[in-house]
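Chemist: Start from the sequences and build out the full structure, keeping to the hints where you can.
Number of protein chains: 2
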Amino acid sequence: MIEIDGARLLNDLRTLANFGKAGTGVDRIALSPLDIEARRWLVGRLAEAGLEAGLDRVGNAYGRDPTTSRAILIGSHTDTVPMGGWLDGALGVIYALEIARAFRATGGSSGVGIDVISFEDEEGTYLPCLGSRSFCNDVTDAEISAAQSKTGDRLSEALMRTKDEPAPFRLDPARHVAYLEAHIEQGPRLEAAGRRIGIVTGLVGIRRFRILAHGQADHAGTTPMDMRKDAGAALFRLASRIATTFPKIGSAETVWNIGSMTLRPGAANVVPSEAEMVFEFRDTQTATLDVLERHLLEWVAESSNAGPVTVTAQATTRIPPTAMTPAIGDAIATAAADYGEQTMSLPSGAGHDAMVLGRFIPSAMMFVPSIGGRSHDITENTSDADIVAGCRVLASAVGRVIATAAAR
Amino acid sequence: MIEIDGARLLNDLRTLANFGKAGTGVDRIALSPLDIEARRWLVGRLAEAGLEAGLDRVGNAYGRDPTTSRAILIGSHTDTVPMGGWLDGALGVIYALEIARAFRATGGSSGVGIDVISFEDEEGTYLPCLGSRSFCNDVTDAEISAAQSKTGDRLSEALMRTKDEPAPFRLDPARHVAYLEAHIEQGPRLEAAGRRIGIVTGLVGIRRFRILAHGQADHAGTTPMDMRKDAGAALFRLASRIATTFPKIGSAETVWNIGSMTLRPGAANVVPSEAEMVFEFRDTQTATLDVLERHLLEWVAESSNAGPVTVTAQATTRIPPTAMTPAIGDAIATAAADYGEQTMSLPSGAGHDAMVLGRFIPSAMMFVPSIGGRSHDITENTSDADIVAGCRVLASAVGRVIATAAAR
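Those sequence lines, one after another, are chains A and B.
Per this note's numbering, the very first residue in the first sequence carries number 1; after that it's consecutive.
Per this note's numbering, the very first residue in the second sequence carries number 1; after that it's consecutive.
Worth flagging that the hints you see were computed from the coordinates, not collected in a lab.
Misleading hints may appear alongside valid ones.
A pair holds if it fits inside one copy or across any two, identical chains being indistinguishable in the list.
Taking lysine to aspartate or glutamate and the EDC-like style, the derived pairs with C-alpha atoms no more than 20 Å apart in a straight line are [what the hints assert, rightly or not]: (1) K21 x D377; (2) K229 x E253; (3) K248 x D226; (4) K163 x D56; (5) K229 x E280; (6) K21 x E253; (7) K150 x D27; (8) K229 x E191; (9) K229 x D377; (10) K163 x D141; (11) K150 x D377; (12) K229 x E302; (13) K163 x E37; (14) K248 x E293; (15) K229 x E274; (16) K248 x E165; (17) K163 x D386.
Modeler: Below you can see the structure in the form of structure tokens.
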């Protein structure tokens with residue numbers, strides 16, 4: 001039984017939130033001086049807990065149980081988006097710290113310990129999931145050389161701040177039995193359902209398209225409707241087909257979004273000659289994504305064939321779904337039931353480090369509720385009671401996973 | 001019979017096009033040094049034709065028949081949009097010069113002469129129809145003081161270039177029997193129908209709305225479809241209703257346009273919290289405009305009532321339709337028939353100085369074809385044969401209007 005200390009957990013979370021504090025939120029972007037400072041603080045806390053702890057050259061903070069040859073890896077990330085929330089990935093990292101600390105305090109070891117990690121730049125200031133990809137030896141030097149932020153800052157420049165640290169820590173499949181990551185939900189579903197514990201069935205795949213329509217700019221007063229080549233109208237028709245048909249052909253979990261739309265030249269009295277929209281859809285099943293994409297591309301082709309406007313779709317993002325390991329999810333559910341908590345199974349609509357780890361070792365994610373579904377914003381929050389309850393459930397689940405692993 | 005000289009007409013048009021020549025087009029924005037220079041050249045040509053000619057303080061170039069107490073006023077404007085066409089309003093002004101010159105050469109006067117005018121800033125670099133509104137005493141000093149260009153240049157500053165000219169020329173209803181304006185069509189209808197002469201039934205009224213939707217920014221991966229407040233989707237539904245229903249409730253001449261659309265924050269993975277579009281519709285009948293507006297505002301109200309997104313519409317432009325005088329249109333049709341030309345009656349979907357003059361004196365407009373419907377672009381053109389044919393028809397029509405006026 002790993003007995004966590006709720007007050008110590010909350011205290012560590014609040015201490016971490018002081019690095020980059022911004023009102024009720026935190027601004028601590030990857031590899032910034034504040035991010036590095038927070039990671040050094042974390043390394044200190046991990047060492048106090050009895051782990052062999054350090055920072056590596058890409059900024060990953062890692063604490064290794066020195067008493068065991070096998071371990072459950074628990075963690076998430078402590079970098080944030082600009083003006084982000086105080087919990088987000090920090091929650092999962094401090095859960096890991098607290099659970100490892102409580103576990104070490106039990107003294108007992110069955111030969112399977114707990115390692116803790118905070119991955120660098122999950123948020124993609126420079127390169128999304130840089131830390132977990134580096135940990136899994138899944139990123140090339142060329143990618144790192146090429147990566148830069150939206151404002152043009154180079155990753156290689158930012159990494160000068162950690163250049164004196166040791167070579168990257170790596171995943172060791174012989175050691176790392178499983179990966180567990182807790183995170184805030186970043187959505188409204190747990191709160192709406194009145195549940196405290198979410199068990200992630202899988203991380204959605206994402207397909208994103210840049211859709212372009214090319215017509216002709218004409219005077220919107222002097223050109224009759226039937227003589228126009230209206231690029232905007234072509235994309236509005238496409239948007240209408242998506243809204244009508246996606247609910248019928250997608251799964252219950254499918255989500256989609258038209259996040260941007262631009263009409264050019266953009267004048268009130270000029271028929272748009274060019275229109276551009278960014279459209280994405282997400283689902284946990286590749287088969288569903290394939291059906292949606294096939295329909296989308298058919299409609300795009302029909303738009304071009306039916307009228308005087310040319311419409312093209314260009315895939316800009318293609319992230320495959322990542323399944324989570326059901327047995328670990330079951331361990332979380334059993335642990336939750338022990339605390340009288342009903343769980344909710346749901347996909348993760350957002351990306352996480354577990355998306356990378358899940359390709360290499362058995363992995364699972366647990367969510368706690370986000371108040372109002374808020375995320376990536378200084379208004380993000382989770383009640384103290386939910387934070388503590390989540391950590392107790394995760395600790396209990398980790399105990400079960402260790403027991404199962406030790407028995408093998 | 002006013003016998004125009006086609007070669008002289010084309011020569012004057014080409015000479016005028018040299019002021020601000022830009023490739024195949026002209027860049028001669030209102031009150032620029034080139035625009036003033038072109039107007040001084042025009043004043044010289046009008047004086048050579050025997051008119052009392054001058055420039056006034058707002059830039060209007062006016063030539064007055066000194067031999068008559070009544071006159072038909074003919075003209076248009078010689079300012080252009082940036083990188084505009086070589087004809088546009090210049091066509092109507094040089095038609096007026098040529099017709100007045102040919103008329104003066106006949107020597108004969110029935111007591112009704114021909115006055116010629118080029119109005120300043122019809123294109124609205126500073127203030128749309130500044131010249132015709134000044135001529136009709138329909139603009140206030142406060143409007144002139146406040147007016148500035150899109151780039152922040154003040155009209156009052158630009159008017160320093162004409163500050164030493166005489167006080168504004170004014171419409172004199174006792175003198176000015178009627179106003180006739182020729183212009184390129186700026187649309188594709190005459191060309192598509194194979195007609196050379198368009199008779200304008202009226203200038204459309206314009207109603208323009210800024211439509212705003214206010215929802216909530218949510219993560220497009222983690223927020224289920226039924227829990228979103230998607231401002232973009234609300235405007236796409238409105239666009240779809242417009243596309244479906246406007247063709248049924250408008251007239252055969254109604255045109256409409258969604259010229260701009262913006263989604264905010266505009267990220268692929270964020271549900272739009274704000275969406276904004278600019279929507280306008282045009283028709284020659286106030287009753288039709290009223291029906292369209294009533295439906296639009298109903299849909300906007302329903303959008304807000306039906307869902308979690310608030311939609312509002314704000315009228316930004318409201319220009320009433322202007323009827324043209326049928327008797328003068330008939331004179332153009334008769335003149336055209338004499339030359340074997342079949343005419344086409346059509347509304348003007350764009351604004352013109354005749355929109356201002358038509359509120360004060362009997363007015364008419366005649367169109368000649370625009371190749372490919374091109375306008376406000378350096379590719380704008382009309383064949384030489386169409387240019388000359390149009391001037392012959394207008395000259396003949398002017399002769400008829402003079403005869404009718406003289407008989408009263």
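Chemist: Determine which of the earlier numbered hints do not hold for this structure and return their numbers in increasing order.
Modeler: 6, 16 and 17
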